[in-house]
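Participant: With chain A held as given, fit chain B onto it using these hints.
Chains A and B, in that order, are what the protein sequence lines are. Numbering-wise, the numbering used here comes out as the position in the first sequence, counting from 1, plus 44. Number 249 in the numbering used here belongs to position 256 of the second sequence; there are no gaps in the numbering.
Just so you know, these hints were derived from the structure itself, not from any lab. A portion of the hints provided could be inaccurate.
[As the list claims (entries may be wrong)] The calculated SDA-like cross-link candidates involving lysine to any residue, where the alpha carbons are at most 25 angstroms apart (straight line), are:
#	chain 1	residue 1	chain 2	residue 2
1	B	K139	A	R61
2	B	K139	A	G95
3	B	K139	A	L161
4	B	K134	A	Q60
5	B	K134	A	E68
6	B	K139	A	G215
Note that the coordinates shown come from a computational prediction; the quantities given were computed from them, not determined experimentally.
For reference, the chains in residue letters:
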Amino acid sequence: MTRSVRLAVRQALLEQRSFWRSAEYALFTFGFPLMILLLIGAANAGSHLPGTAIPNTTVFVPGILAFGVIVAAYANLGTKVAVLRHDGVLKRIRTTPLPSGAYIGGLLASTAATVILLAAATGLIGWLAFGAEPRAGELLALASTLILGTVCFAALGLAISSVISSAESAGPVTYASFLPIAIISGVFDPTFSGLPGWLSRLVAAFPVKALAGVLQNTYAVRPFPAWDLVNLGLWTVAGTAVAVWRFRWHS
Amino acid sequence: MADTSVIVDRPPGAAADDHAVHVRGLRMSFGGTEVLHGVDFDVRYGEVFCLLGPNGAGKTTTLEILEGFRTPSAGRVRVLNVDPAAQPARLRERAGMVLQECGFPRQARVAELIDMWRGYYPHPRPLGDLLEVVELTKARKTQVRKLSGGQRRRLDFALALAGDPDLIFLDEPTTGFDPEARRRCWAAIENLRRLGKTIVLTTHYLDEAERLADRIAILRAGRIELAGTTQEVAIRAGLATRISFITPPALRHGEVTPPAGIDLVPRGPESVCHTANAAMTLRLLLAWAAENSLGDLAGLAVTPPRLEDTYLQLTGVTPDSCAVQDNGART
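So here's chain A without its partners, still in its complex pose (with noise of 0.2 angstroms):
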């Protein structure tokens, strides 16, 4: 067990510097949220929503730090085990005795590493740009929503990723996949609105808003997002569950 956790480790620092080695990963990753984090939030900075006293900024942040664990632990893992896999990579691993468990485990505490960096620099870049920061007394139900919102876009990262056929169409799927619902979710404009009805059931129904409502309840005063987390919860389990049956070492 030890050195399973001990391989899982250095498969993880492996990762990591295979990530920051390669400029469009990291770039994308990071440069994504952060631009859109620095760009929107200046154009919402000052403005408050309609009829309250609440800072546009305080809703904005902490939807982009929805974005960013998406990105980081969806749209990154999901694309790169597609790839790993497609490339053989996966597949020559099992010719090694590394436990499964040990390369699996090495992965998201990789991905784990990126979102904790992108969060950090997400909430870092709107406290001290856009002065939003978390309410008093709400830092560890942000820091346990932020482990949650990981654990589901991980598993469903690794869902999606058995389900795509090419080393080259990895990135736009995964990203096709979660852009147009991040969009309709509200989380680059907290004042979107004007959703026919139906449409913004559906949205709800998805994970993307969920998670970006439960963290933006740590920002700013809201109803607690009591149906937020049992959607968040039912998609963990669904990512997992698909995550599991459907994996593949090989393409």
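Facilitator: Chain B alone, transformed into the frame defined by chain A:
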């Protein structure tokens, strides 16, 4: 050509652990279709053993069973005295595997990747040593995606060798290579042999089997047709040794009668006979030549049966068309 009695040199009653690989009565079915119909063979420690056969013969399936990737439908399989299907992790600490078409992590460099692999094993081989065996010392800092096909295959070998295994499986190691890459690949395999490794390889190239293998098993349609050294295989296939010499003028002009008991055929300036017992035939021939004052028979040549003849006779596939048929289909 019974497929059970092909291994002559196994001592009677030998235990399975006398061999690196021990296979008896191996059967494999996929969805009701049996693709291996009772395969038997042994691989001794330190030898290069080649599973030779056309595409679809079951070579890769057999190898995947030995590697612990597939559980056979029936039969006994021991690899390094381990049941591969039951204890794949234990086997993989001591057996290196080179699969067909297996990629590398995209960002890795040669030495870095080998080093990463070394970390997966309890007793890895030194890095410098690995680079040397596969002739990649100069390319140690090269990014993997910039390597040539031949270099990538040699990197495959280095990764398979990283844990200092006793046994190495190579699945069609040179398929699709140009002649130069093949030669260097063969040199790398011969380096592995010099390290004392047992090597099991599959191929559909005759010259590869003939060049590398200590012993060969010809697999066709899920059965081992023959096994042994290249020569044993040819002899057991019932192929004859060819004896030829320049037809002496006296024989050509009918001044002497052809030797009795030998099927001698004059072919232009050359006389040729085929025999299953070369020593006996030679003795008769030379006695006949001495009797008739023909001397030592100018141009006397004894040609053992070749693997290619054996292979053709068994599979009905010419080696060329066999190579051309290769479309990467897993066999």
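Participant: Does E68(A) lie within 25 angstroms of K134(B) when you go C-alpha to C-alpha?
Facilitator: Status holds; Cα separation ~21 angstroms.
Participant: Need the status of pair K139(B), L161(A): alpha-carbon distance at most 25 angstroms?
Facilitator: Measuring from Cα to Cα gives roughly 31 angstroms; hence the hint is violated.
Participant: Measure nothing beyond the straight line between the CA atoms of K134(B) and Q60(A); if it is 25 angstroms or shorter, mark the hint as holding.
Facilitator: holds, 19 angstroms
Participant: Taking only the CA atoms, is the gap from K139(B) to G95(A) under or equal to 25 angstroms?
Facilitator: violated, 60 angstroms
Participant: Verify the proposed pairing of K139(B) with R61(A), using a straight-line Cα cut of 25 angstroms.
Facilitator: holds, 19 angstroms
Participant: Taking 25 angstroms as the top limit, are the C-alpha atoms of K139(B) and G215(A) close enough?
Facilitator: holds, 23 angstroms
Hints 2 and 3 from the earlier list are contradicted by this structure; the remaining hints agree with it.
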